[in-house]
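Participant: Line order of the protein sequences matches chains A and S.
Here the first sequence stands for residues 2 to 325, numbered as in my numbering.
Here the second sequence stands for residues 151 to 392, numbered as in my numbering.
Read the hints as simulated data drawn from the structure, not as lab findings.
If you're wondering where the values come from, they're calculated on a predicted model, not measured in any experiment.
Treat the hints with care, since some could be wrong.
Stated by the list, open to error - Straight-line Cα separation of at most 30 Å, DSS-like style, residue types lysine-lysine; simulated pairs:
#  : chain 1 : residue 1 : chain 2 : residue 2
1  : S       : K269      : A       : K275
2  : A       : K21       : A       : K38
3  : S       : K344      : A       : K272
4  : A       : K44       : A       : K249
5  : A       : K38       : S       : K365
6  : S       : K308      : A       : K231
7  : S       : K375      : S       : K365
8  : A       : K275      : S       : K375
9  : A       : K44       : S       : K207
10 : S       : K377      : A       : K44
11 : A       : K35       : S       : K207
12 : S       : K269      : A       : K35
13 : A       : K275      : A       : K249
To be verified - If you want the footprint, here are the derived chain A segments under chain S, 3+ residues with CB under 8 Å:
#  : segment
14 : 196-210
15 : 265-271
16 : 277-290
17 : 296-306
Note that beta-carbon positions come from the ideal geometry of N, C-alpha and C, so glycine has one too.
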Amino acid sequence: MRFTHIYVEEKAFEYPLTGKILNKLPGASVIRIKHYKDVFDRKRQNAVAQKENQSLIIAVRDGNRIFKGAPVCQSFGQKNFYYSSSMMNCPFDCEYCYLKGMYPTSNMVVFVNLEDYRKDVEDKLSEGPMYVCASYDTDLLAMNGLTGHADFWKEMALSHEDLLVELRTKAAIDVKDSIPNVIYAFTLSPEEVVASYERSTASVSSRINAASKALSQGAKVRLCFDPIIKISNWEDAYRNLIEECASKIDFSKLTDISVGTFRISSDYLNKMRKSFPDSEVAWYPYFIKDGVAQYEPDTDKRMQEYVLDLVCKYTEREKIFTWN
Amino acid sequence: MLYILTALKCEASALAGLPGKVIVTGVGERALDNISKISLSPSDKVLNIGICAGSNKGEGYLINQVISADTGRRFYPDILFDSGVSEMSLTTYSEVVNKVSENMLCDMESALICEKVLKVIPPSNLAIYKVASDNGEKFPTANEVTELIRTHVNEIRKIAELLSEGDDDRTYSFIPESVIEELRFSQYMRNELKDIEHYCVASGREDELLGLIEKFRSEGKIPCKDKKTGREILDEIYTYLR
Chain A
2 MRFTHIYVEE
12 KAFEYPLTGK
22 ILNKLPGASV
32 IRIKHYKDVF
42 DRKRQNAVAQ
52 KENQSLIIAV
62 RDGNRIFKGA
72 PVCQSFGQKN
82 FYYSSSMMNC
92 PFDCEYCYLK
102 GMYPTSNMVV
112 FVNLEDYRKD
122 VEDKLSEGPM
132 YVCASYDTDL
142 LAMNGLTGHA
152 DFWKEMALSH
162 EDLLVELRTK
172 AAIDVKDSIP
182 NVIYAFTLSP
192 EEVVASYERS
202 TASVSSRINA
212 ASKALSQGAK
222 VRLCFDPIIK
232 ISNWEDAYRN
242 LIEECASKID
252 FSKLTDISVG
262 TFRISSDYLN
272 KMRKSFPDSE
282 VAWYPYFIKD
292 GVAQYEPDTD
302 KRMQEYVLDL
312 VCKYTEREKI
322 FTWN
Chain S
151 MLYILTALKC
161 EASALAGLPG
171 KVIVTGVGER
181 ALDNISKISL
191 SPSDKVLNIG
201 ICAGSNKGEG
211 YLINQVISAD
221 TGRRFYPDIL
231 FDSGVSEMSL
241 TTYSEVVNKV
251 SENMLCDMES
261 ALICEKVLKV
271 IPPSNLAIYK
281 VASDNGEKFP
291 TANEVTELIR
301 THVNEIRKIA
311 ELLSEGDDDR
321 TYSFIPESVI
331 EELRFSQYMR
341 NELKDIEHYC
351 VASGREDELL
361 GLIEKFRSEG
371 KIPCKDKKTG
381 REILDEIYTY
391 LR
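Please take these sequences and the hints and turn them into a complete structure.
Facilitator: Dropping the structure here:
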């Protein structure tokens, strides 16, 4: 990861993690700032150009740190579904990613007050067990070498039995643990989709191998065929993908599988279009239904059912979650 | 268009031959009036060049943070190119500063320029390059300023060129207006077609859309009779593209 500029909030300098991160990024310009939003939320930022020269913002997160899961996100049947943003934005560059519509910048933020996150989780846990997706607005596992955030969430899970953590990734990470309440969720797309729309991510075969290895370590593994992207030969592409997965992964050992077609809030889509004028995915003529942009309903249904049928060849239906 | 702004004539005189239009703004608040006269568009670039007070006399810096001493506001030009030039934060004062400490740069315009131009252009379209000319105690003469800027002109040229890169206003409309007239679209439908054209450019499907329109013409569907038949054409375009 090459960050040319690192903006550091004044109060973030008080946290040891800040020093650790800065030590790992020699040569970058360090700029002392008052508040991360002064940089992150600037108007008229060129997110396309920023993606080529990403900056890192190190900050302290005040206010809400744990959020109720959004309706367009899969809860996997879990009650008390939350997500947490200990980082914002992603080192990868997926053309379809909702973060492109959610944030006004391509720069990343890493929050260093992890002990406050710990306290928030513990407060919520006092009300009952909870399920936290910790890597929705970023890829914590891909960034773990720099930030240690994935390790933090794993430690949280180890010390709190009633906390279930999902760590979702498009990296080919080497899982060496098997924590019963940590789910490693690998997002898998056909190589054609990876090549065209998932820039800088690990190849799909290396992700499949990583998932297979994690399973053999005894780790909980989730496969996410989500979002399914409509490319010209999508049937062949998804059939090949799932056959490749099935040849290397024992589906009976998977915790579960997620299947879902591409969808995005129409509000995010509008912002994404403005920020990424040359994005084929953003400008596709989606069908807008109840504030959600998705493929035309018949196509959407056909794509989801097609992939669902393919996955059902290798595992029971009850293990597969769909978003609608 | 790249606008190169300097506060002083003696700064500008060292910049002849650089790409872009050099404008002398005047010092401090006066700069605001002159910047207001430039009709900036969002794709324009602004490069502010000038001297400043700083402890390392003769050094040139790209500015990565501008702080207004008067308002406390902070501005962050996005430096998205690698020029190899040292970077520093700078503070803008409304009065002359007579003493500067280590690692401190001061001027009288940058924050005003930021405030004005960042209302129009993206922060990545703004670069500020300052040369430390004095430590606040002994001011240079006009000739000395020109010479000081001149010694950095190669660095400034490089920044100007890097800032100007990718300077294209891409258009996403390609269907002739005469054809759109024939479709009898409402304003709402015209906006929909605009988005469709944009998608076709982003995905390289312009020829497919133009071919489809020709097919409609050969089938007698274009020119449309009214908005209703126009709507039917639009729906057929959606079906085809989806």
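Participant: If a hint holds in the structure, say so; if it doesn't, say that too.
Facilitator: Against the structure, the hints come out as follows:
| no. | hint | result |
| --- | --- | --- |
| 1 | S:K269 - A:K275 | holds (17 Å) |
| 2 | A:K21 - A:K38 | holds (22 Å) |
| 3 | S:K344 - A:K272 | holds (16 Å) |
| 4 | A:K44 - A:K249 | violated (47 Å) |
| 5 | A:K38 - S:K365 | violated (52 Å) |
| 6 | S:K308 - A:K231 | violated (43 Å) |
| 7 | S:K375 - S:K365 | holds (17 Å) |
| 8 | A:K275 - S:K375 | violated (34 Å) |
| 9 | A:K44 - S:K207 | violated (34 Å) |
| 10 | S:K377 - A:K44 | violated (38 Å) |
| 11 | A:K35 - S:K207 | holds (28 Å) |
| 12 | S:K269 - A:K35 | holds (21 Å) |
| 13 | A:K275 - A:K249 | violated (41 Å) |
| 14 | 196-210 | violated (count 0) |
| 15 | 265-271 | violated (count 0) |
| 16 | 277-290 | holds (count 9) |
| 17 | 296-306 | holds (count 3) |
Figure legend: structure checked against the earlier numbered hints; hints not met, in rising order: 4, 5, 6, 8, 9, 10, 13, 14, 15.
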